[in-house]
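Student: These are the residues of each chain, in order.
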Amino acid sequence: MSIFLETIAWLTDPAHWSGSSGIAVRLLEHLQYSGLVLVIAAAIAVPVGLYIGHTGRGRVVAVAVAGALRALPTLGLLVLFALLAGSSLMPPVWALVILTVPPLLAGTYAGISSVERTVVDAARAMGMTELQILFRVEVPNGLQVMFGGIRTAVLQVIATVSVVAYLPLGGLGRYLFDGLVLQDFPRMLGGSLLIAGLAIAVDLILAAVQRLVLSPGLSTDPDGGHKAPADLTVAAPAAAAVQGGTP
Amino acid sequence: MDWFLSNSGMVMERAGQHLILALIPMVLGLVLSIPLAQLARMNATLRSVVLTASSLLYTIPSLALFIILPPLLGTRILDPLNVIVALTLYAVALLVRAALDAFDSVDEDLRQAAVAMGYKPWLRFLQIDLPLSLPVMFAGLRVVSVSNISLVSVAALLGVGNLGMLFTDGLQRTFVTEVVVGIVAILVLALLMDMVLVLLERLLTPWTRAAKAPADSGMKDAAGLPLAVETAR
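From first to last, the protein sequence lines are chains A and B.
For the first sequence, position 142 matches number 142 in this note's numbering, and the numbering has no gaps at all.
For the second sequence, position 183 matches number 183 in this note's numbering, and the numbering has no gaps at all.
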């Protein structure tokens with residue numbers, strides 16, 4: 001049990017928090033990498049997902065591509081990109097983007113297509129344009145499922161960015177690999193706890209955002225007494241399942 | 001290709017280690033999650049506890065979990081047991097949800113009919129609930145299989161033997177071929193496992209193919225949507 005005491009000592013030592021390789025800097029690096037990956041991935045996945053969800057076109061292709069990408073080992077892709085293009089910042093970022101697009105795409109697309117067709121038809125019958133239907137009807141109604149995909153993708157990125165330190169780049173993963181080389185277990189355990197804590201904290205923040213953004217009508221629909229829990233079960237296993245292979 | 005041929009023995013050995021590390025947690029996860037899901041179905045509080053715990057578990061990145069487990073288990077960092085326990089935890093987290101959905105997918109009328117015919121609870125579970133929940137269960141198993149195979153390779157970063165070693169070794173030697181062979185080997189392994197699961201499902205659920213035509217395609221679609229989302233990882 002002394003290993004935990006040593007780890008707590010390592011984590012609470014102010015010297016480990018400041019400086020160019022301090023926890024504060026590593027945490028910031030971790031968040032920067034993750035943010036960069038998410039922005040690029042979202043710029044690709046969200047428009048495509050909206051298009052597929054709204055039109056239903058290309059669904060089969062998207063599912064097939066996403067399925068194939070799912071089996072790709074994260075570590076292998078990272079190493080391959082680093083070897084082919086050098087271990088500067090961007091190659092690993094592109095590898096991570098490739099791995100982040102599928103859950104985002106699937107979440108967006110599943111969210112849009114989870115909206116009841118009768119609701120969409122009603123909006124169309126009222127004379128809404130296709131874009132109005134998409135952004136005023138389908139997106140707000142599908143947001144719950146879409147958030148499942150977003151949270152999965154974010155968690156996956158935060159988890160995978162810890163592997164980037166192996167290449168070697170910065171981020172909280174540094175503590176794991178430096179600790180491994182130095183046989184410094186408290187440092188490894190401390191780093192691991194920081195990564196796990198960061199993942200849980202970010203997920204909690206996203207859960208809070210989700211609660212704020214979701215239309216209250218989605219959960220208190222009098223007729224949809226069974227619809228809300230059904231939506232939840234759709235979103236929940238998806239979130240868990242989609243995350244499946246995070247390192 | 002030459003490199004692969006001259007090192008095929010080593011690759012096969014790594015693939016064997018890889019398969020064992022991915023397969024044992026899957027089986028253990030299945031064995032643990034079915035009773036857990038049955039318990040959760042009986043009690044609403046327990047159900048929400050199980051669901052919350054499983055999603056919380058899932059937020060912990062595996063690389064971190066591989067390192068947090070050894071001091072808790074009293075194992076060494078290189079011990080493959082850490083990987084097996086970590087992946088079993090993930091498998092349970094995922095399969096408990098799948099099992100809950102699977103048991104929920106069984107038509108309540110069929111259950112009532114079984115009770116009316118005099119099935120004892122235990123026999124009803126074995127002969128009615130369990131077989132009828134297989135299609136949804138298998139969807140979950142396929143997700144676990146692919147994600148486990150991908151996750152195992154991460155353990156190579158800590159020095160646990162598996163196909164991921166080809167990545168770490170390839171990076172150290174800046175040898176692209178080895179990395180590509182590793183990626184292909186893992187993809188092949190994932191594909192083979194998926195095919196085995198699909199075959200197993202076909203063997204165990206012959207009735208889903210008995211009703212071809214519209215009814216069948218309708219069911220496929222209903223099951224296809226969640227699958228599509230899961231596929232997405």
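Hints are computed from structural coordinates only; laboratory data are not their basis.
The beta carbon of each residue, even a glycine, is placed where N, CA and C say it ideally should be.
Some clues are possibly wrong.
What the hints assert, rightly or not - Reference excerpt, derived from the structure (chain B facing chain A, CB under 10 Å, subset only): (1) A64; (2) P71; (3) L73; (4) V152; (5) G170.
Stated by the list, open to error - Label pairs and their calculated CB-CB ranges: (6) A:S21 / B:T205: 33 to 43 Å; (7) A:I98 / B:G9: 42 to 52 Å; (8) B:V115 / A:V39: 52 to 62 Å.
Said to hold, decoys possible - Computed footprint of chain A on chain B; a stretch qualifies when at least three of its residues, placed anywhere within it, have a C-beta under 8 Å from a C-beta of chain A: (9) 52-61; (10) 122-130.
Student: Indicate, hint by hint, whether the structure satisfies it.
Tutor: Now the hints, each set against the structure:
Hint status for B:A64: holds, given a least beta-carbon distance of 4 Å to chain A, under 10 Å. Evaluation of the B:P71 hint against chain A yields a held restraint, the C-beta minimum of about 5 Å falling below 10 Å. A hinted interface residue such as B:L73 counts as satisfied when its beta carbon comes closer than 10 Å to some beta carbon of chain A; here the least separation is about 12 Å, so the hint is violated. For the restraint placing B:V152 at the interface with chain A, the shortest Cβ-Cβ distance is roughly 9 Å, inside the 10 Å limit, so the hint holds.
Restraint check, B:G170 versus chain A: the minimum CB separation of about 6 Å is within 10 Å; hint holds. The beta-carbon spacing between A:S21 and B:T205, approximately 55 Å, falls outside the hinted interval of 33 to 43 Å. The hinted range of 42 to 52 Å is not satisfied by A:I98 and B:G9, whose Cβ atoms lie roughly 31 Å apart. Here the CB-CB span from B:V115 to A:V39 is close to 55 Å, well matched to the stated 52 to 62 Å.
Closer than 8 Å: that is the beta-carbon criterion, and the stretch 52-61 of chain B has 7 residues meeting it against chain A, so the requirement of 3 holds. Judged by the Cβ-Cβ criterion of 8 Å, the stretch 122-130 of chain B is not covered by chain A as claimed, because only 0 of its residues qualify and three are needed.
In the structure shown, a violation is registered for the earlier hints numbered 3, 6, 7 and 10, in ascending order.
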